[in-house]
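Student: Protein sequences, first through last, are from chains R, F and Z.
Be aware that the first sequence starts at 1, since it is given in this note's numbering, and climbs by one per residue.
Be aware that the second sequence starts at 1001, since it is given in this note's numbering, and climbs by one per residue.
Be aware that the third sequence starts at 2001, since it is given in this note's numbering, and climbs by one per residue.
In case anyone wonders, no lab produced these hints; they're calculated from the structure.
All values reported here derive from a predicted model rather than from experimental measurement.
Beta carbons: idealized from backbone N, C-alpha and C, even for Gly.
All the given hints hold, so there is nothing to weed out.
No farther apart than 20 Å at their CA atoms in a straight line, the calculated lysine to aspartate or glutamate pairs in the DMTMM-like style are these:
1. Z/Lys2142 to R/Glu50
2. Z/Lys2065 to Z/Glu2483
3. F/Lys1044 to Z/Asp2240
4. Z/Lys2472 to Z/Glu2483
5. F/Lys1044 to Z/Asp2239
6. Z/Lys2065 to Z/Asp2439
7. Z/Lys2367 to F/Asp1033
Per the computed footprint, the stretches of chain F lying under chain R, defined by three or more beta-carbons under 8 Å from a beta-carbon of chain R, are:
8. 1105-1119
9. 1212-1218
10. 1234-1241
11. 1249-1261
Some chain Z residues judged to face chain F by a derived CB distance under 7 Å, without partners named:
12. Arg2352
13. Glu2355
14. Ile2370
15. Thr2377
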Amino acid sequence: MGAITLTRYLASRIGQALLASFGVLTIVFFIMRLSGDPTLLLVPEGASLEQIAQLRHELGFDRPLGMQFLSYLGDLARFDFGESLVQRAPVLGIVAERVPYTVALAVGALVVALGLGIPAGIAMAVWRGGIVERALSGFVLAGQSLPTFWSGILLILLFGVSLRWLPTSGSDGFASLVMPSLALGIVAMSTFARMTRISVLDELSRDYVTAARARGLSRGGAVLRHVLRNAAIPVVTIAALEIGNLLAGAVIVETVFAWPGIGQLAIQSIQSRDFLVVQAIVLFVSLVYVFSSFLADLAYVVIDPRIRMGR
Amino acid sequence: MKPRMTIGMAIVLALLAAFAIAAIAAPLLAPFDPLRQSLLLRLKPPGSLLGGRSFLLGTDDLGRDLLSRVLFGARASLLVAVVAVVLSLVVGTTLGLLAGWLRGWVATVVMRLVDTMLSIPAILLAVLTVAVLGPGLLNLVVVLGLTRWPRYTRVAYAQTLQVAELPYIRAAEMAGCGTARVMWRHILPNIAGPLMVVATSEFGLMILFEAGLSFLGLGIQPPYPSWGSIMAGGRQYIERAWWLTVFPGACLFAVVFCINVAGDWLRDQVDPRAASR
Amino acid sequence: MRRVFAVLLALGLSGPAIAATKDSLVIDLPADVATMDPQIQWDTDSYSVYRNIFDNLLTRDTSGKIVPQVATAWRYTDDTTIVFDLRSDIVFHDGTKLTPADVVFSVQRITNPAFRSPQLSQFDQITSAEVSGPNQVTLHTKTPYPALLAQLVKLSIVPKAYVEKVGDIGFNQQVIGSGPFKLRSWQRGVQTVLDANEGYWRGKPPFRSVTFRAVPDTATRIADLRTGRADLTRGLTPDDAVAMKGEAGLTVANIATERVAYLFINALIGPTNDKRVRQAIAMAVDRDTLISALQLGFAKPVDVVLTPANFGYVSDVKAWPFDPEKARALLKQAGAEGISVNFLTSPVYDRRLNEAIQQMLGDVGIKMSITVVDQPTYLKRRLGTPEESSNMSQGRWSCACQDADGVIFPLFRSGSAWSKFSNPAFDAEVDAARATLDDGKRMGHYHRAFEILHDEVPGVGLFQDEALYLMKSELKWQPTANEAFFVYDMKWVP
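The following block holds chain R by itself, in its conformation from the complex (with noise of 0.2 Å):
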């Protein structure tokens, strides 16, 4: 592949990552829009339909809609993220102070995902059929069954009031992350768990591993050695597609153990219809995951060099 397809290529994804953010906006735009607007939840109970109103003018929500999506756009061209109705400040400091938290949630949730998940789908392939798969498959599809404001509730009152290993709520350092992180992640494993078990089993019956076997590899070192390396393909991309949702589809394993990400800001601000900041977040979201899944395509190349980049 030349230089100048490579140049072309990463145009051309560049301009449709653009595109689709710039059409997750125009949405969620537009149902927040269809939804209502704050008005009536910053007025204090009992004030007057002209009292409503005159906030409404204020506000700047009687323009036409076509008038506030252009010029939200326009002050967005300018970088201008604008002002939280509900806050009164600046938005981009709003979801910048939360951006962090996220992160190391995200990152806290990935590792549990990754580290129980792939173990157990390699395992599950490796003695496909037999009582191990089957209290594996049982003990991963446990994570995907149990509703997270449950399952947090539980690990609360196990960890944080019978045994007082671990703080029951707040963002104070390590330990308060660990519980956070088990309760997204473990929801998260069955996903990898399954398909990594499918790669390795798809990778196991080809070939190149028969003829490693028949050359007296062990079926271990075969695993270890040609099949792990090829079935991470998939799985990469896995994790590229749950980014977007460990960034702000956080929402209720924030929400109980009170981590200040951006998914709670996002629920609450839903909630109290602060559309500046909501936008924000959808746009932050959708940038991370258009670029993540970006990524995960590069990581294609580096991981299985017979793959194109044309497709």
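Guided by the hints, dock chains F and Z onto chain R, whose structure is given.
Tutor: Using the frame of chain R, we list chains F and Z on its own:
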């Protein structure tokens, strides 16, 4: 190839059938009206015998019979999961097939749409959409169907690209088979296995999704039960009335487990590549 | 990534200091402060925090009586003019003196429409404010306005010079007040830390510092109390309160508030536009069972849509008795047997109460369907057209002014956003009660207004809600009917 039906598999399928029957025949099986409250009989433990009535699984925080609610809850939970999975499977697979077979601008448009949809966190999109459409079983299913299809599209697209390269597929096209026929008869069977895996893991996620929305107060409409809404309501009593979360939770686990095991088994049956092992 | 670790490291080093001597108090609230600027947001949790930083023009004592704070005395010179004498010994946290100019500035700032204060409607009866003496300000109102003093209890005094220097956004980031505590740090979404204002004019505050943490889930807040991570929290459910009563080292405190739980019944759309149907609904609801079974006794029944903590409460207008037989007969008489009504609600309101009412109405033959929407949608529909607002809903109303004017006027006066009821005689009574400063006359108007409400039933009073707090047994504090959260009034007694 010969289907491998093991004893374990038979048990799993029997359990799934039992849940399906429980959901369909809930009105016949439930000992009491799942909506009938007795405020004086709140939070009674399993096996309570009160006023000549026996509450096998105990009662909830409004004094309703938990067994009856879990039976009726199966209806809502399974219905949401089945309809949402089928809807998104059909939409997602069709788009993925078309994109993979036709390629070009169709593929670009479809896959960018997929990126767009996937990059909005599902729970946020669901909360927003429920706010616009209003809650309720039907709207919930529509929301899930509209938001979950890209997962299938991605898999269908990637698989179709691979399968379309197989010599006999192009041969069939050359031989004059129509596009629809080639896709339906030759490509779909080849890509059904991986789609099955996605569908079965989505199945459990859909039940959980409804549970999460119930926790946020936006799931199925009260007073009708779903497993998720029973658990969300019972969560507050986790130490005083464990039965409110444990019984629906156990059902949830059993169904998710069986569906996934059955899905893997089914995949091995229909996937020509898996079968060749 | 490096930033993430830096944050985690920093947090690890600065965990909440729970010292043995109890220098610092930790309070768990359901939400973070929305704005630290007291003249913008008005939700319970922002209020709970920032009112510790500021002094108010007036305040209420534990019995609910309006008493001096920044103002020492006040008198009406005519029906629309009121003069306040102010203290001269108050200083802001930056050392500058609190002057009449600051009080005037605070009034003008919050009443300026361009400032877009969500609280404007509580103060917009004030037309002007001016300094009228060395330690004196004068306020003018549009018309005689009896609720003025009750509203001024919520007027925080902000420093004019500082606000003008740093601007509104800057002030919101780093507020300065004259109250018993000063802002040390505000980590949005996480916590707010306040330090004692050692030179506070009313005396030294009881704690060196206070931390308010944002913990949205009630179950988690309770776990925090049980493990000693927090000393006080609010927002318990009655079931939580009963469960925690036996917990060693913790105390449950409850206080009857000015918040009234009521059923709204839409009098403008069918089938509830028939008075007899509304009366039948009132007789179908068994308040006593609701209170004993769901509130577990943490509530007092009310006969009208108002609590005894509010001015204007009348005790001799009785509720419709619980009588399903009579309700059924009345429905039959109205030709309304087997009618269906729609009940609109949001996750904010107690799900169990809705479902219990659904069954009670079902028992007299009214089919009630519940629609749950999220809170903004609920408000949009409830304050929308009569059709949008559905037949019924549940409410928990507090005007934070402890006056009937803040309750039945917005709820039932025709033309107000919440009202789905139109009755000229009622309108005349509440309008008259608003236009006079004579308490005796006002009581008379409210008495007649409640008689009309009793007959017309555009709403059913259910109970006076109780606020439930969980705290360490060493913490001594008497909560108040207006759900205020003054740390200054708390004490630690080991």
